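> Full structure from sequences and hints, please.
Protein chains: 2
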Amino acid sequence: MNEITSILKNQNYQIKTSFWIDLDGNRCFGKGKMQLLELIDKTGSINKAAKEMKMSYKKAWTMISELNAQFSSPMVVTQSGGKEGGGTVLTDEAKILMKYYIELKERFEIFIEQETKNLNQ
Amino acid sequence: MNEITSILKNQNYQIKTSFWIDLDGNRCFGKGKMQLLELIDKTGSINKAAKEMKMSYKKAWTMISELNAQFSSPMVVTQSGGKEGGGTVLTDEAKILMKYYIELKERFEIFIEQETKNLNQ
Chain Z
307 MNEITSILKN QNYQIKTSFW IDLDGNRCFG KGKMQLLELI DKTGSINKAA
357 KEMKMSYKKA WTMISELNAQ FSSPMVVTQS GGKEGGGTVL TDEAKILMKY
407 YIELKERFEI FIEQETKNLN Q
Chain A
307 MNEITSILKN QNYQIKTSFW IDLDGNRCFG KGKMQLLELI DKTGSINKAA
357 KEMKMSYKKA WTMISELNAQ FSSPMVVTQS GGKEGGGTVL TDEAKILMKY
407 YIELKERFEI FIEQETKNLN Q
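In order, the protein sequence lines correspond to chains Z and A. Numbering follows the numbering used here, with no gaps: position 33 of the first sequence is 339. Numbering follows the numbering used here, with no gaps: position 82 of the second sequence is 388.
Read the hints as simulated data drawn from the structure, not as lab findings. Values in this document were obtained by computation on a predicted structure and should not be read as measured data. Heads up, a few of these hints could be off.
[Claimed, not checked] Simulated crosslink set (DSSO-like; lysine-lysine; CA at most 27 Å straight-line):
#, chain 1, residue 1, chain 2, residue 2
1, A, Lys405, A, Lys337
2, A, Lys337, Z, Lys322
3, Z, Lys423, A, Lys401
4, Z, Lys423, A, Lys337
5, A, Lys423, Z, Lys405
6, Z, Lys401, A, Lys322
7, Z, Lys322, A, Lys365
8, A, Lys411, Z, Lys411
9, Z, Lys411, A, Lys322
10, A, Lys315, Z, Lys401
11, A, Lys405, Z, Lys365
12, Z, Lys337, Z, Lys411
13, A, Lys411, Z, Lys315
14, A, Lys315, Z, Lys411
15, A, Lys315, Z, Lys365
16, Z, Lys337, A, Lys315
17, Z, Lys423, A, Lys322
18, A, Lys365, A, Lys348
19, Z, Lys365, Z, Lys411
20, Z, Lys322, A, Lys411
21, Z, Lys411, A, Lys337
22, A, Lys405, Z, Lys423
23, Z, Lys337, A, Lys423
24, A, Lys364, Z, Lys315
25, Z, Lys405, A, Lys315
26, A, Lys315, A, Lys357
27, A, Lys364, Z, Lys401
28, A, Lys401, Z, Lys322
29, Z, Lys322, A, Lys423
30, A, Lys365, A, Lys405
31, A, Lys322, Z, Lys337
32, A, Lys401, Z, Lys315
33, Z, Lys322, A, Lys322
34, A, Lys365, Z, Lys315
35, A, Lys360, A, Lys322
36, Z, Lys337, A, Lys411
37, A, Lys322, Z, Lys360
38, A, Lys405, Z, Lys322
39, A, Lys322, Z, Lys315
40, A, Lys315, Z, Lys364
See the structure below:
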């Protein structure tokens, strides 16, 4: 038993966290943009993705526009014409970013699970 | 170089985090309550601490009251009378909680520093 354990009421304490990526001191990628990318990937449309997140198209567009500028290549591109009549798609770079975010989230989860275990032991 | 590095513009990306402790699924201790305890310790007064945090006495009192109920013993007690004319002081349990929080913060910092290093490498 460590010191902190002596002041706990039970073993239901949990360490929680939120995390994000900053660029030059400004938030550049986190939960919200991750969800937006996932929904664009699912729906093929910024408009539909914005609606699912209950945000305006303008707000979603601003987020995408920031994101496109904050990495070496755009994350989202709009294709026009073609058999499918165009649409909005994620680039390979967006897929790399999303994969990184998911893996980082897993590492955070392992970290806080261990901390939670140590806290309640 | 890992995959994610290939999409970065420069080496000024940083992993950032905030963290807190939940009890039974509700937030019970984090940055705000930590600051409140520090200020009560410094000023000997919930009222003065609340003013420094630009919150109402009622809000500060609610936070303390929650905190007192969320651990096995109260964190803050009000002493009346005596040579010093009473005052509000932290209990030993509060000192244990604050020490734990500071050490947890340090471990989070080490974790995100390493993640930031890996990201930009």
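> Would you list, in rising numerical order, the hints stated earlier that this structure does not obey?
Hints 11, 26, 27 and 39 are the ones this structure does not satisfy, whereas the remaining hints hold.
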